[in-house]
Amino acid sequence: MSAHNKRKESPVSVTSEDLQAKSIRTSTQILKFEDIFNGQWDRVCGVLYSIVGEQAEAEDLALETFWRLYNRPPKYDSPEKLVGWLYRVATNLGFNAIRARKRRTRYEEEAGHMEMEYQASTDPAIEAERSAEIHQVRKILAQMKPRNAKLLILRNSGFSYAELAATLRLASGSIGTLLVRAEADFEKRYRQREIARLEGE
Amino acid sequence: MHFSDGEIRAYQDVEISSDQKERIHAHLQTCKRCQERFDQLTEQSGIVTAHLETLKPKLQADYLTVQKARRLLNNRIQKQENTSMLKKIFNPQYRLVWVTVLVMAILAIALAFPGVRAVANNFLGSFRVQQFTVVQFNPEELQNTLGSSSHFEHMLSENVNIEDKGAPFEVSDATEASAMAGIPIRLPTEIDSRQQIRVFPGASVTFDIDLSRIDMLLNELGKGDIELSPKLDGEQVTMELPTAVVASYGDCNFDPDTGEARGTDPDDPSSYASDCTTLHQMISPTISAPPELDIAQIGESFLELIGMTPEEAALFSQTVDWTTTLLIPIPRYSTTYQEVSVDGVTGTLILQKDYVPKYMLLWVKGGIVYVLSGPGDSSTALAIAASIQ
Numbered sequence: 023m024s025a026h027n028k029r030k031e032s033p034v035s036v037t038s039e040d041l042q043a044k045s046i047r048t049s050t051q052i053l054k055f056e057d058i059f060n061g062q063w064d065r066v067c068g069v070l071y072s073i074v075g076e077q078a079e080a081e082d083l084a085l086e087t088f089w090r091l092y093n094r095p096p097k098y099d100s101p102e103k104l105v106g107w108l109y110r111v112a113t114n115l116g117f118n119a120i121r122a123r124k125r126r127t128r129y130e131e132e133a134g135h136m137e138m139e140y141q142a143s144t145d146p147a148i149e150a151e152r153s154a155e156i157h158q159v160r161k162i163l164a165q166m167k168p169r170n171a172k173l174l175i176l177r178n179s180g181f182s183y184a185e186l187a188a189t190l191r192l193a194s195g196s197i198g199t200l201l202v203r204a205e206a207d208f209e210k211r212y213r214q215r216e217i218a219r220l221e222g223e
Numbered sequence: 018m019h020f021s022d023g024e025i026r027a028y029q030d031v032e033i034s035s036d037q038k039e040r041i042h043a044h045l046q047t048c049k050r051c052q053e054r055f056d057q058l059t060e061q062s063g064i065v066t067a068h069l070e071t072l073k074p075k076l077q078a079d080y081l082t083v084q085k086a087r088r089l090l091n092n093r094i095q096k097q098e099n100t101s102m103l104k105k106i107f108n109p110q111y112r113l114v115w116v117t118v119l120v121m122a123i124l125a126i127a128l129a130f131p132g133v134r135a136v137a138n139n140f141l142g143s144f145r146v147q148q149f150t151v152v153q154f155n156p157e158e159l160q161n162t163l164g165s166s167s168h169f170e171h172m173l174s175e176n177v178n179i180e181d182k183g184a185p186f187e188v189s190d191a192t193e194a195s196a197m198a199g200i201p202i203r204l205p206t207e208i209d210s211r212q213q214i215r216v217f218p219g220a221s222v223t224f225d226i227d228l229s230r231i232d233m234l235l236n237e238l239g240k241g242d243i244e245l246s247p248k249l250d251g252e253q254v255t256m257e258l259p260t261a262v263v264a265s266y267g268d269c270n271f272d273p274d275t276g277e278a279r280g281t282d283p284d285d286p287s288s289y290a291s292d293c294t295t296l297h298q299m300i301s302p303t304i305s306a307p308p309e310l311d312i313a314q315i316g317e318s319f320l321e322l323i324g325m326t327p328e329e330a331a332l333f334s335q336t337v338d339w340t341t342t343l344l345i346p347i348p349r350y351s352t353t354y355q356e357v358s359v360d361g362v363t364g365t366l367i368l369q370k371d372y373v374p375k376y377m378l379l380w381v382k383g384g385i386v387y388v389l390s391g392p393g394d395s396s397t398a399l400a401i402a403a404s405i406q
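In order, the protein sequences belong to chains A and B.
The first sequence maps to residues 23 to 223 in this note's numbering.
The second sequence maps to residues 18 to 406 in this note's numbering.
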């Protein structure tokens, strides 16, 4: 009950100066929040775009990711682990958003979401095909084990094995094997869906 | 000796030491089996990469500049401060106790501003929650007012006593839950996630009125001119929370350690219980209070405390039957509410706008309080509520 009343500080007005001054402490060094923000903003957005497929939503989720870093920075012993944490939060938020969208679409028209992925182009037929492909890929990723889906997304976003290991808390020596398995799983699911689609036609 | 898939893949990705690279390179020249596997993995990787490439923007992405993003982050930090209280309320772990917290907050806070008068001919021995009404407020103001008060914290910790009637336990179905709770438990059919039904044996909450402490609190808050009825001293306000049944669907398990391992904020379980829908059912709680307690006055004082002017509070108070209504304060930011028709009665639907929008739908029917909450919008809430049988 007292949890609601323990907070004694008044809400603090945050300015850009505060963000610049904010530091994140690891056991080996002190990092400036500003540096992490500047250095990772575009990449976090890129990873999230790959997951959610909408720029505005990706930017919103990226802001949420950095807000969490600002508000409650984790305690790690190296900058690599800290950045790994950042992408762990980002991918969790991205897949959570996809799951919530999936739930919502049960009550809404599925076509509505397809429409969102459809981007205007000079050739509607090509765009429709591309939209269907994106929809398909995203559905498969949503059905896969979260770790495998994240591996594929992050690797495709240019993450090195060391970065993948830090983000997903895996041994770097196992990344190659796990990537092979994740790709095999993806390919198998894709083939099954294609077969099902062709049989339905 | 042959190389593993993982080693071949790391070789393809140039993610191995130069020594290892040379060894695998030389091996592939002579080993047909490994060369075939190399070709298979190259093909597989190429196919999957081609599919995944479609997820990237067609053109060079033009994300917000760092400067613009930083400005938005500033705004968000301030906004989140304001909505954090609501997140707590929506959080599955807090849902069961929110009735306790809010009712006791109304009583405990408002007792500091009672304007108490003995109303002998309007005796109020007890009341039962029959409906809800929502009032929006700015959490900052309440935090500024009470968050800095040590007397308020002491009052809640020393004068408020919560007696649990047992630990929660899981039951197998609605029949068993009905037997435990003493009410017919109803469940929605419009959710296909895994169902878990738990019984919370209820609690008894008492608040001992300590006038000297309340006097100190009043002085601290600059309201020392309010006179309190000496008759209230030593009296007790009691709220009985009956056994509640909570049916949950989806990912509702809250474990801070797991959350930390998943990289989510351990203090914000709503961030990873975002796929959790719950339906609470319990007999409407009752509150017993001394006759000197003027609930309407208390209600108005509470409204003033959360930011209304005395005139606004008086006006609002006229629309509320305080003996049957539970007031739910929600932050001004990011939330909307509306009256809706649900289950044949009028309910209150609160919507929280967030990355994962959430709803809370409350109604009372046949003396039973229903609280449905989860991710989604009004159509989600009403569709699930309509399927309750």
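These are computed hints drawn from the structure, not numbers from a lab.
Please note that a few of the clues may not be correct.
[Unchecked claim] Below 27 Å or equal to it, Euclidean Cα-Cα: the simulated BS3-like pairs (lysine-lysine) are:
hint, chain 1, residue 1, chain 2, residue 2
1, B, 49, A, 161
2, B, 38, A, 167
3, A, 210, B, 73
4, B, 370, B, 85
5, B, 75, A, 161
6, B, 370, A, 54
7, B, 73, A, 103
8, A, 210, B, 85
9, A, 161, B, 85
10, A, 97, A, 161
11, B, 49, B, 38
[Claimed, not checked] Looking from chain A toward chain B, a few residues come up when the C-beta cut is under 7 Å (computed):
hint, residue
12, 62
13, 95
14, 98
15, 102
Even glycine gets a Cβ: it sits at the ideal position worked out from N, Cα and C.
Cross-check of the supplied hints:
1. B/49 - A/161: Violated, because 37 Å separates the two Cα atoms, which is more than 27 Å.
2. B/38 - A/167: Violated. Residue 38 of chain B to residue 167 of chain A sits at ~31 Å, over the 27 Å cutoff.
3. A/210 - B/73: holds (22 Å)
4. B/370 - B/85: holds (22 Å)
5. B/75 - A/161: holds (19 Å)
6. B/370 - A/54: Cα-Cα ~31 Å, so violated.
7. B/73 - A/103: holds (26 Å)
8. A/210 - B/85: violated (42 Å)
9. A/161 - B/85: violated (32 Å)
10. A/97 - A/161: Not OK: residue 97 of chain A and residue 161 of chain A at ~35 Å, beyond 27 Å, violated.
11. B/49 - B/38: At roughly 18 Å apart (the allowed maximum being 27 Å), residue 38 of chain B and residue 49 of chain B satisfy the hint.
12. 62: violated (10 Å)
13. 95: Residue 95 of chain A check fails; min Cβ-Cβ to chain B is 11 Å, beyond 7 Å.
14. 98: violated (11 Å)
15. 102: The hint is violated - residue 102 of chain A has no Cβ within 7 Å of chain B, the shortest such distance being about 14 Å.
In summary, the numbered hints that this structure violates are 1, 2, 6, 8, 9, 10, 12, 13, 14 and 15.
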